[in-house]
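*Asks:* Okay, here's what each chain looks like letter by letter:
Protein chains: 2
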Amino acid sequence: MTVTIKDVAKKANVSISTVSRVINDSKPVSDEIKQRVLRIIEETGYTPNPVARSLVMKRSQLIGIIVPDISNFFIGEVLNGIEEIGKMYDYDILLCNTYGELNQELRYLNLLKSKQVEGIIFMTWELREEHKEFFNKEDIPIVMINRDTSDFNITSVCIDHHQAAYEMTKYLIEKGHKKIALIRGWKENYVFGVDQYNGYAKALQEHGLEINKRLIKNCQYKLEVAYDAVQEMIDEDILPTAIFATTDSMAFGAINCLIDNEFKVPEDVSVVGFNDIKLASIYRPKLTTIRQPIYDIGAVAIRVIIKKIKGEKTDESIFTLPHELVERDSCRSIK
Amino acid sequence: MTVTIKDVAKKANVSISTVSRVINDSKPVSDEIKQRVLRIIEETGYTPNPVARSLVMKRSQLIGIIVPDISNFFIGEVLNGIEEIGKMYDYDILLCNTYGELNQELRYLNLLKSKQVEGIIFMTWELREEHKEFFNKEDIPIVMINRDTSDFNITSVCIDHHQAAYEMTKYLIEKGHKKIALIRGWKENYVFGVDQYNGYAKALQEHGLEINKRLIKNCQYKLEVAYDAVQEMIDEDILPTAIFATTDSMAFGAINCLIDNEFKVPEDVSVVGFNDIKLASIYRPKLTTIRQPIYDIGAVAIRVIIKKIKGEKTDESIFTLPHELVERDSCRSIK
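Residue numbers (our numbering), protein chains in the order written: chain A, 69 to 403; chain B, 69 to 403.
Quick caveat, the hints were computed from the structure, so don't treat them as lab data. Just so you know, not all the hints are guaranteed correct.
Remember, identical chains collapse to one label, so a pair may be satisfied in a single copy or spanning two.
Unchecked claim - With a cut-off of at most 30 Å between alpha-carbon atoms, the simulated DSBU-like pairs for lysine-lysine come out as follows:
#1 K74 with K290
#2 K246 with K403
#3 K181 with K376
#4 K378 with K181
#5 K290 with K354
As the structure is a prediction and not an experimental result, all values here were calculated from the model.
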């Protein structure tokens, strides 16, 4: 039989509200009574109903995370950072996967709120007006990942995608490459797709190189689509000497297509990626790529949201973490 | 200002319980009153408090999923199946990641219950008495994935791991291999580690081949550990002609180690995996492996739990789905 708060009160010979005070540490209770109630709780094995309790306490020690694709490698590694730091601060995490569908995203935002999460870390492929409306309307701490939120009042954790894409393109040019394809995830509002393109274009222009629209492929972050994009270049006989894919997964798609067409990487074509997911050093050839501090991005996001929950001041509204170009085996000099 | 159920009742000139009946469709209300209440709800923009509502309704349309490692490829693909079918039946999913830690698992089991999920799909590396205690005590539908639950009353969805390991080992023997290493995830109670070993041993024995303990490596499902296990065999000069890893990730670890030591796969050593995660056909050489119907495992698990939630009868307590040996490029005949 389930022990109720009533049973505990009766046995301890105090009122229900006194038991509640002891459990929730909400108002002062004499030490003697407190010890008695705690002893009875232990003896009876009473556990307070957490829902009822969270309604009273307004503290759930719960943070919600909404992501567009749980099986995306980058997102999986961000979650590691979020969860480890969350645990350190004794927060539990409820995860929701949306496939990037707006309706599902709005549903989960509302659901998590109704489940008394204290804050939400939100990731999406496309940031829309409907999201911003939710953020404006609801009084709940929100942190976004990998988003430029400078035009509205939401904290974000990311790297400088423009600068990173610029550096990688410059690196390829300095290795002697003049024809460089860009395979990017892109759709209106997509994560930093425009910034990355601008970085790429800036490097080419600085070195007096032409931007060839046929070498710029929009791929929605899918390995298979990157594969097809490279096949297209092969079929059209416009294969460049280097391919810059703006995710590692897309770089794998590009390399696979090249290998399947009997090109060698990097002997015939250099391929570089972006993110430095774990797979980038597992894959052969090991991938030259831009390292995002993926774990740290998750760790900072949850640290910031916990600060917000506790009403502590946070310094910035966009946290830009450092990136790094990692040289491995998938790119060679052709000078 | 938030509109409450009281405001709606007042404006519609009915009792609060009538409004509640209309919202929850719980007891008959005259059509005229129903229309009036619905009109007022629309006019005022009233939304029922979902927590309070789920307390009353006991229907949350919510299923909880507990997994040991969200970034594990196999698990990511299982989740796809769970979520797509869940959506079809209009269920939302709350995901919890435990890193396989018992305390975290018990915490999330209790948390999900307190958040009114209607059922839980539970995955763990190690099934313990504490889990079984929870299942016995709590009256909530549970389905497990990839577990032999024949000794207690919980439904499970899996494949026949013994048979699959037997078939793969037999396949290698028929390709002329006599020295076959087994790299398996293993710890007491681990997912089918014993069954897989028995299948492997049976095939060897049937063909009069000796079981060499030095070629059996216990790896806790980690790519890096599989890498080290193969390095050990190289260092001890006992490298076999074939390696059977019981997850694809461990097979990648084995192949990487071989490549880094300048062995060729499959020319010098054949390597086969288990699971057929997406990466198995992305990796080069493409991996010969046992295909688990990973998506279907997730799909069946959620279908079964929805049936349980609705009180429908389900036929079996262990659902064994078909597996398949997929021949690709990482294994060759040496006859």
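*Asks:* Up to 30 Å between alpha-carbons, please classify K181 paired with K376: within, between, both or neither.
*Replies:* For K181 and K376, the Cα distance is within 30 Å both inside one copy (16 Å) and across copies (28 Å).
*Asks:* Is it within, between, both or neither when you check K378 against K181 at 30 Å Cα-Cα?
*Replies:* Answer is both; intra-copy 17 Å and inter-copy 26 Å each pass.
*Asks:* Between copies, within a copy, both or neither: which fits K74 and K290 at Cα up to 30 Å?
*Replies:* Neither. Shortest intra-copy (57 Å) and inter-copy (50 Å) distances fail the 30 Å Cα cut-off.
*Asks:* Between copies, within a copy, both or neither: which fits K246 and K403 at Cα up to 30 Å?
*Replies:* For K246 and K403, only the intra-copy Cα distance (10 Å) is at most 30 Å; the inter-copy one is 49 Å.
*Asks:* Is it within, between, both or neither when you check K290 against K354 at 30 Å Cα-Cα?
*Replies:* both (19 Å within a copy, 19 Å between copies)
Consistency with the previously given hints fails for number 1 only.
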